[in-house]
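S.K.: What follows is the residue order along each chain.
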Amino acid sequence: MKILVPVKRVIDYNVKVRVKSDGSGVDLANVKMSMNPFDEIAVEEAIRLKEKGTADEVIAVSIGVKQAQETLRTALAMGADRAILVVAADDVHQDIEPLAVAKILKAVIDEEQPGLVLCGKQAIDNDMNATGQMLAALLGWSQATFASKLEIEGEAAKVTREVDGGLQTIEVKMPAIVSVDLRLNEPRYASLPNIMKAKKKPLDEKTAADVGVDVAPRLEVVKTTEPAERQAGQIVGSVDELVTQLKEKGLV
Amino acid sequence: MAVLMLAEVTDGALAMDATAKAVAAAKPLGDITLLCCGETAKDAAAQAATIDGVAKVLVAEDALYGHRLAEPTAALLVSLAGDYDHIAAPATTDAKNILPRVAALLDVMVISDVSGVIDADTFERPVYAGNAVQTVKSKDAKKVLTIRTSSFDAAATGGQAPVEDVATGEDPGLSSWVEDKVAESDRPDLTSASIVVSGGRGIGSEENFQLIEKLADKLGAAVGASRAAVDSGYAPNDWQVGQTGKVVAPDLYIAVGISGAIQHLAGMKDSKVIVAINKDEEAPIFQVADLGLVGDLFELLPDLTEKL
Ligand SMILES: Cc1cc2nc3c(=O)[nH]c(=O)nc-3n(C[C@H](O)[C@H](O)[C@H](O)COP(=O)(O)OP(=O)(O)OC[C@H]3O[C@@H](n4cnc5c(N)ncnc54)[C@H](O)[C@@H]3O)c2cc1C
Ligand SMILES: Nc1ncnc2c1ncn2[C@@H]1O[C@H](COP(=O)(O)O)[C@@H](O)[C@H]1O
Numbered sequence: 001m002k003i004l005v006p007v008k009r010v011i012d013y014n015v016k017v018r019v020k021s022d023g024s025g026v027d028l029a030n031v032k033m034s035m036n037p038f039d040e041i042a043v044e045e046a047i048r049l050k051e052k053g054t055a056d057e058v059i060a061v062s063i064g065v066k067q068a069q070e071t072l073r074t075a076l077a078m079g080a081d082r083a084i085l086v087v088a089a090d091d092v093h094q095d096i097e098p099l100a101v102a103k104i105l106k107a108v109i110d111e112e113q114p115g116l117v118l119c120g121k122q123a124i125d126n127d128m129n130a131t132g133q134m135l136a137a138l139l140g141w142s143q144a145t146f147a148s149k150l151e152i153e154g155e156a157a158k159v160t161r162e163v164d165g166g167l168q169t170i171e172v173k174m175p176a177i178v179s180v181d182l183r184l185n186e187p188r189y190a191s192l193p194n195i196m197k198a199k200k201k202p203l204d205e206k207t208a209a210d211v212g213v214d215v216a217p218r219l220e221v222v223k224t225t226e227p228a229e230r231q232a233g234q235i236v237g238s239v240d241e242l243v244t245q246l247k248e249k250g251l252v
Numbered sequence: 001m002a003v004l005m006l007a008e009v010t011d012g013a014l015a016m017d018a019t020a021k022a023v024a025a026a027k028p029l030g031d032i033t034l035l036c037c038g039e040t041a042k043d044a045a046a047q048a049a050t051i052d053g054v055a056k057v058l059v060a061e062d063a064l065y066g067h068r069l070a071e072p073t074a075a076l077l078v079s080l081a082g083d084y085d086h087i088a089a090p091a092t093t094d095a096k097n098i099l100p101r102v103a104a105l106l107d108v109m110v111i112s113d114v115s116g117v118i119d120a121d122t123f124e125r126p127v128y129a130g131n132a133v134q135t136v137k138s139k140d141a142k143k144v145l146t147i148r149t150s151s152f153d154a155a156a157t158g159g160q161a162p163v164e165d166v167a168t169g170e171d172p173g174l175s176s177w178v179e180d181k182v183a184e185s186d187r188p189d190l191t192s193a194s195i196v197v198s199g200g201r202g203i204g205s206e207e208n209f210q211l212i213e214k215l216a217d218k219l220g221a222a223v224g225a226s227r228a229a230v231d232s233g234y235a236p237n238d239w240q241v242g243q244t245g246k247v248v249a250p251d252l253y254i255a256v257g258i259s260g261a262i263q264h265l266a267g268m269k270d271s272k273v274i275v276a277i278n279k280d281e282e283a284p285i286f287q288v289a290d291l292g293l294v295g296d297l298f299e300l301l302p303d304l305t306e307k308l
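So the protein lines, in turn, are chains D and A.
With our numbering as the guide, the letters of the first sequence map in order to residues 1 to 252.
With our numbering as the guide, the letters of the second sequence map in order to residues 1 to 308.
Keep in mind the hints are simulated off the structure, nothing from the lab.
These figures come from a predicted structure and were not determined experimentally.
Here a beta-carbon is modelled for each residue, glycine too, at the ideal position from N, C-alpha and C.
Treat the hints loosely; a few may be bogus.
[What the hints assert, rightly or not] A few chain A residues facing chain D, derived, Cβ under 7 Å:
#	residue
1	W177
2	V182
3	Q287
[As the list claims (entries may be wrong)] Capping the alpha-carbon separation at 25 Å, the derived lysine-lysine pairs in DSS-like fashion look like this:
#	chain 1	residue 1	chain 2	residue 2
4	D	K20	A	K137
5	D	K106	D	K32
6	A	K269	D	K223
7	D	K223	A	K139
8	A	K272	D	K249
9	A	K269	D	K249
10	A	K181	D	K247
11	D	K173	A	K137
12	D	K66	D	K201
13	D	K223	A	K137
14	A	K214	A	K269
15	A	K269	D	K16
Only chain D is shown next, with the shape it has when bound in the complex:
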């Protein structure tokens, strides 16, 4: 079985996001970019399935600017076998919407015929939490989102999902789309020899036009602003003072 893992290049989660003062967006020039943290977990899970013999090939796919090559090299260094980059933008500030990403992934899947797609639950830049579900819809496949446990049992996958009420376990028919949550595994670091080896692994490149997908956004971003700032308040000296303040404010 082949496993396809979509990986997105996003602003590193440790970087302090700066909103441009003219409201045109977030400053992404010269900031550290990394693989979306959820996608690292997806790559890790795919590699573990390969190590267990459940899968025989792991393909990482990224859609966006040319620089996403770096993200794909990271996936290859972690252990993916090959990578596909679909260039769909030339400005790092242009985010490709989940619907267009899902359409491009569908085109790749039609060609590659994987038995499982492992994607992240959410990209930490647009916070959409949508691509996996949209892809499942376009393919007419089953979906299991927010996975914290995954077991492949023949033609089905048993997936435990993190939901508002606790945990839900479902069984989905394969091929399936599984979106992964934070507690599925702890991704490995790529070792130096593997980083070197990754440079020689195949990385195919095509464009959104090659796969016939229009990436024009459906949602026009009118403006991007800073959220309301919170001011730091006061440090109180003791529990008694805290209790007094809370009572004065009518909170307890």
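On the provided structure of chain D, position chain A with the ligands as indicated by the hints.
M.R.: Chain A with the ligands in isolation, oriented as in the chain D frame:
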């Protein structure tokens, strides 16, 4: 303009607070038809009919919808979508599972976690863990949106909308339910509680987390946790507050042994009053806290619980 809204129904029970908040958010968009589906949904529908602003309630009762599986529920929504301009739901994990699937089937984008409704096409939503707010204008014929409930006040009740049955769909046969692990609790629901007490890595163990629970019970509060506390096994996953957990905006949020990473702040920084207890006076949580107490939580917490 008409809105079809998926009500939050779990095991036959309506999540009143989440649904009423989503109704309030969608009110300016037009007449709201609420869809209640589940293995049993009649009681939920009767209750949903009382929410002000609801024009009609549709009930789809079938074992097929009993566990809110995405494939059959999305198919049902799509079968009803023709008559509506907006398809919406409170941004719960269920809706986040289902609505993007609905949107793709309709060939439109989903607008996730809407925190402001500007007009019928224009919405505000937080991005980058709440470090920026985007205003987006949809060019799609139909708008599919999930609504961040913590940004809206609940609609009042007292209405009496008509309730109708709708035809249920076929089983796409793609997925099946195995089990739920739900912790029973008498505490208020995390997303609707007026006080939340949250613990972080600083609590140190699952046993020590009882210090947090004791304070919460004294205050009639819900219990929350940071990702680190959940990852370490001190607290269950459904207590996680943050970018990828629950978003809360209570009157009072007490953060204990939590450093205040942006991913945690994303889930609680709209709380009215924030109290932080941390031994590190440099902890970023103090930059957003209205009241801060610097010191060892193992001394301060029992004292606070006793004095409240
Ligand atoms: C993709 C992604 C998504 C994430 N989503 C979330 C999310 O939804 N929610 C979330 O919370 N995090 C999330 N995180 C994790 C986040 O980045 C932080 O790692 C996490 O919030 C830290 O938790 P913490 O504050 O409990 O732990 P720490 O940062 O380790 O802080 C522990 C604090 O406890 C204090 N402390 C220790 N002992 C004591 C004591 N005896 N008395 C008083 N104080 C004490 C310390 O001074 C310290 O400030 C996410 C991260 C990523 C990458
Ligand atoms: N441009 C992209 N390239 C590759 N994968 C993507 C892209 N956008 C989204 N994804 C995948 O879809 C998941 C969810 O993203 P989103 O729906 O944008 O929150 C991510 O974690 C990735 O696995």
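S.K.: If any of the earlier hints don't hold here, list their numbers in rising order.
M.R.: 5, 10 and 11
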